[in-house]
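Student: Given the coordinates of chain A, assemble chain B with the ligands onto it according to the supplied hints.
Protein chains in written order, with the numbering used here: chain A, 1 to 487; chain B, 1 to 84.
Quick caveat, the hints were computed from the structure, so don't treat them as lab data.
It cannot be assumed that every hint is accurate.
To be verified - Short, incomplete list of chain B residues facing chain A, as computed with Cβ under 7 Å: (1) E27; (2) C33; (3) G59; (4) K75.
Unchecked claim - In silico DMTMM-like cross-links for lysine to aspartate or glutamate, where the CA-CA straight-line distance does not exceed 25 Å: (5) A:K149 - A:E238; (6) A:K197 - B:E51; (7) A:K22 - A:D12; (8) B:K39 - A:E231; (9) A:K3 - B:D17; (10) B:K52 - A:E5; (11) A:K417 - A:E459; (12) A:K226 - A:E170; (13) A:K197 - B:E27; (14) A:K190 - B:E80; (15) A:K22 - B:D17; (16) A:K176 - A:D208; (17) B:K52 - A:D188; (18) A:K190 - A:E45; (19) A:K22 - B:D54; (20) A:K226 - B:E80; (21) A:K149 - A:E241; (22) A:K22 - A:D69; (23) A:K463 - A:E442; (24) A:K3 - B:E27; (25) A:K3 - B:D54; (26) A:K453 - A:D413; (27) A:K190 - B:E51; (28) A:K197 - A:D93; (29) B:K75 - A:D188; (30) A:K3 - B:E51; (31) A:K210 - B:E81; (32) A:K197 - A:E241; (33) B:K75 - A:E241; (34) B:K75 - A:E459; (35) A:K190 - B:D76; (36) A:K22 - B:E27; (37) B:K39 - B:D54; (38) B:K75 - A:D44.
Quick caveat, the model's predicted, so the values are computed rather than measured.
A virtual CB, placed ideally from N, CA and C, is assigned to each residue, including glycine.
In case you want the letters, here they are:
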Amino acid sequence: MVKYEKPQSFYDVFERKGPGQKVTHYCPGCGHGTAHKLIAEAIDEFGVQDRTIFCSPVGCSVFAYYYFDTGNIQCSHGRAPAVASAVRRTHPDSIVISYQGDGDLAGIGTAEIIHAANRGENITVYFVNNAIYGMTGGQMAPTTLVGQKTMTTPMGRNLRRDGNPIGMCELISALKTPVYVERVSLADGKKVLRARKAVRKALKNQIDGKGFSFVEILSPCPINWKMTPIEARNWVVEHLEPIFPIGNFRDVDAPEVKESAETARLSMTPAMMDDETLYTTLSTQRDLEADKPVAELTDQFVKIAGFGGQGVMSAGVLLANCAITTGLHATWLPSYGPEMRGGTANASVIVSTEAIGSPLVNRPTTLIAMNGPSLDAFEDQVVPGGLIIANSSMISRTATRKDLRFYPVPASDMAQKLGFLGAANVIVLTIHALLEGFPCVETLRHVVPHSLKRKNLVEMNMKMIDAAVEYVAANPVEAVPQETGAR
Amino acid sequence: MASETAKRINYVRIEADQCKGCRLCVETCPTHCIVIGSKINILGYQYARFEKYDCTACGLCFYVCPEPGAITVYKDATSEEMAS
Ligand SMILES: Cc1ncc(C[n+]2csc(CCOP(=O)(O)OP(=O)(O)O)c2C)c(N)n1
Ligand code: SF4
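Extracted from the complex, chain A is given alone in its bound form (with noise of 0.2 Å):
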């Protein structure tokens, strides 16, 4: 009768590129296949196969794709928390097991490492320790020991230079909301079946949603050690143990950590909005009739550019919830400079009949620029036809281009008289909705003050809406000069 074999959660052959397809491509006594044989066979035992996905590391593990049958996202360097909160946020149903090296976790994603672990976030994390940057070659890690040497340490690691090794345990269970963890080691048969228990136990928390579950694994790396696989397990012993205890840092099963439990259970469970709420917040009125019915639409794709500054956003936001308060699908899309005010932004808006598969708006029909560095940057991109409705406070040029419509309004000059120069999005917006058929402006009135952050600026912006109807009405675009004929 079996009674231990290959697990399940692999595959049966791994369809790696080189010789044996039956075999890791791990080193001989490498940590990281005994490890992996410990997560498959608790894959198996809790029977979740067929929802779990492994998130690898860059790191010698960067394969461990070709080994788990199970689903598999091969991460960035450092990002596999990251990755992996994404996961169980948008799959609930999924079981979640972030596996990194110290390089990787205790390295280059500490960042991502420390607020998932804050986060409570319910996913299982391995960390592979073995004080070493594996795959690229034996450098330095983080969780090198002093005096180790390393190919970027010949002399061995420098406390004062290099810093001390970092006990990611004990960094990690100084949070609050981590239910579980636990320090283990690959040293000898015995240590590897309590590693084998501290391995189920944290994914049966995640299965059991308790929440963040930690287990650093101390793992030989003979060929970076430059050791036989036998010294290196005795150097585990020797000289990683001392260093980094192996034992349990948090379990919220235990009864002293009861009450932090009960802390880190309401934690755990982020406040998610489901469609239908995310759907009411962003609508104002559901039942708003649109002038033309919506099938009749003609996909817009505009691109609304100018200062940081001058509304260019929130002229997109106010366009997309028109968009979706009439029952059409909408994006948008801010793009900044780096800085929020005065450098150049622009927000692409899409308003669709169809469901919009990319946001991005690289031919706008509608470009609307609120100064002249943006007339220049995207006149080009306009198609023939197209509409540039041009802020003329600011632009003194005319379109280039022969084959669009070109409307230039005064808008912060309007706008500044009315009262609050910060409006002139919305005279150049409404004029967008006159010119092209959407929105109404009876949709922009209803949309407008749900739109607006600040509510005392309602009337105001009425006003513009009214100006920018008035101004159209005065300045009809057939009126205005066009000139005609090929570019």
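Tutor: The following block gives chain B with the ligands in isolation, referenced to the frame of chain A:
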């Protein structure tokens, strides 16, 4: 099959071509059932062999072995299992 039960023993099957010769199983086995042979496998390693039938089927060799499928441990192995 009472007669066969009497003959049954515990058995560790080691896939010669999945062994990297790291010797962790050799070191770990409490009853010293596993040795490193002198033959070289397709991966170029001197691979481990199950030799002495004192196995208690404790599974330690299975757990310390870093290879997913190199070791299978049988309790009361049938002759078919031992032949496979
Ligand atoms: C952004 C980025 N920076 C650096 C690297 C180079 N790099 C690859 S693996 C690695 C270190 C991996 O070490 P560790 O996480 O300890 O895993 P091990 O290989 O020891 O299992 C580094 C720095 C990279 N691939 N990507
Ligand atoms: S370099 Fe080290 S960590 Fe990487 S496979 Fe080899 S033994 Fe394992």
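Student: If a hint holds in the structure, say so; if it does not, say that too.
Tutor: Outcome of the hint check:
1. E27: holds, 6 Å
2. C33: violated, 13 Å
3. G59: holds, 4 Å
4. K75: holds, 4 Å
5. A:K149 - A:E238: holds, 16 Å
6. A:K197 - B:E51: violated, 30 Å
7. A:K22 - A:D12: holds, 7 Å
8. B:K39 - A:E231: With a Cα-Cα distance of about 23 Å, the restraint between K39 (chain B) and E231 (chain A) holds, given a limit of 25 Å.
9. A:K3 - B:D17: holds, 21 Å
10. B:K52 - A:E5: holds, 20 Å
11. A:K417 - A:E459: Given pair K417 (chain A), E459 (chain A) holds - Cα atoms ~15 Å apart, limit 25 Å.
12. A:K226 - A:E170: Violated, at about 28 Å.
13. A:K197 - B:E27: holds, 22 Å
14. A:K190 - B:E80: Violated - the C-alpha atoms of E80 (chain B) and K190 (chain A) are around 31 Å apart, more than 25 Å.
15. A:K22 - B:D17: Cα-Cα ~8 Å, so holds.
16. A:K176 - A:D208: holds, 19 Å
17. B:K52 - A:D188: holds, 21 Å
18. A:K190 - A:E45: holds, 20 Å
19. A:K22 - B:D54: violated, 28 Å
20. A:K226 - B:E80: violated, 42 Å
21. A:K149 - A:E241: Holds, at roughly 17 Å.
22. A:K22 - A:D69: With a Cα-Cα distance of about 14 Å, the restraint between K22 (chain A) and D69 (chain A) holds, given a limit of 25 Å.
23. A:K463 - A:E442: holds, 13 Å
24. A:K3 - B:E27: With a Cα-Cα distance of about 21 Å, the restraint between K3 (chain A) and E27 (chain B) holds, given a limit of 25 Å.
25. A:K3 - B:D54: Distance ~16 Å between K3 (chain A) and D54 (chain B) Cα, so the pair holds.
26. A:K453 - A:D413: holds, 23 Å
27. A:K190 - B:E51: Within the cut-off at roughly 22 Å; holds.
28. A:K197 - A:D93: holds, 23 Å
29. B:K75 - A:D188: holds, 22 Å
30. A:K3 - B:E51: holds, 18 Å
31. A:K210 - B:E81: violated, 42 Å
32. A:K197 - A:E241: holds, 18 Å
33. B:K75 - A:E241: Judged against 25 Å, a Cα distance of about 34 Å means the pair is violated.
34. B:K75 - A:E459: Violated: K75 (chain B) and E459 (chain A) sit about 84 Å apart, past 25 Å.
35. A:K190 - B:D76: Distance of about 23 Å is within 25 Å: holds.
36. A:K22 - B:E27: holds, 23 Å
37. B:K39 - B:D54: holds, 23 Å
38. B:K75 - A:D44: OK: K75 (chain B) and D44 (chain A) at ~20 Å, within 25 Å.
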